[in-house]
Amino acid sequence: MATATVTAASTLSWLHSFGATQNETTKVADKNRVFVVFAQKKAKKTRKIILKEDVEYLGKKGQLLDVKAGYFRNYLLPTGKAQIITSSLLKCV
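Numbering (full-length UniProt numbering), first residue to last: 1 to 93.
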């Protein structure tokens, strides 16, 4: 119990060094704060791609597909087998 009093006293001295008064700290402690949490919407998990070469079990060169983001990021992009579709690519195709 004595430790809690010492801790509170040291906190008050720290606040006083910044110009705060004991009344101000009481106001902060007495405030009722309400935090509203909004649920995040489900993220888009697919990517529209165009294949640069034939990929077994997926499609042929030049085909437009929707694939999972992780499959594109971890396999198709590093191996150079696909590219994300942009508006300029759609005009060319």
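Source of the hints: derived by calculation from the structure; they are not laboratory data.
Quantities reported herein were computed from a predicted structural model and do not represent experimental measurements.
Be aware that one or more of the hints could be misleading.
Claimed, not checked - Straight line, CA to CA, 30 Å or less: simulated DSSO-like cross-link-like pairs of lysine-lysine: (1) K91 to K45; (2) K91 to K68; (3) K81 to K48; (4) K45 to K81; (5) K68 to K41; (6) K81 to K68; (7) K68 to K44; (8) K48 to K91; (9) K44 to K60; (10) K61 to K44.
*Does the structure keep K91 and K68 at a Cα separation of 30 Å or less?*
The hint holds at about 24 Å.
_Distance restraint between K81 and K48, which requires alpha-carbon spacing of 30 Å or less_ = holds, 13 Å
*asked:* Would the hint linking K61 and K44 be met if the CA-CA limit is 30 Å?
replied: Within the cut-off at roughly 25 Å; holds.
*Keeping to a limit of 30 Å between CA atoms, is the pair of K68 and K44 held or broken?*
Holds, at roughly 9 Å.
*Holds or violated: K48 with K91, Cα cutoff 30 Å?*
Cα-Cα ~15 Å, so holds.
_For K81 and K68, compute the direct alpha-carbon distance and say whether it is at most 30 Å._
At roughly 15 Å apart (the allowed maximum being 30 Å), K68 and K81 satisfy the hint.
*For the pair supplied as a hint, K44 and K60, confirm whether the alpha-carbon distance does not exceed 30 Å.*
holds, 24 Å
*Measure nothing beyond the straight line between the CA atoms of K68 and K41; if it is 30 Å or shorter, mark the hint as holding.*
Roughly 18 Å separates the two Cα atoms, so the pair holds.
_What's the verdict on K91 and K45, does the C-alpha distance respect the 30 Å limit or exceed it?_
Holds, because 25 Å separates the two Cα atoms, which is no more than 30 Å.
*Distance restraint between K45 and K81, which requires alpha-carbon spacing of 30 Å or less*: Within the cut-off at roughly 19 Å; holds.
Every hint from the earlier list agrees with this structure, and none is contradicted.
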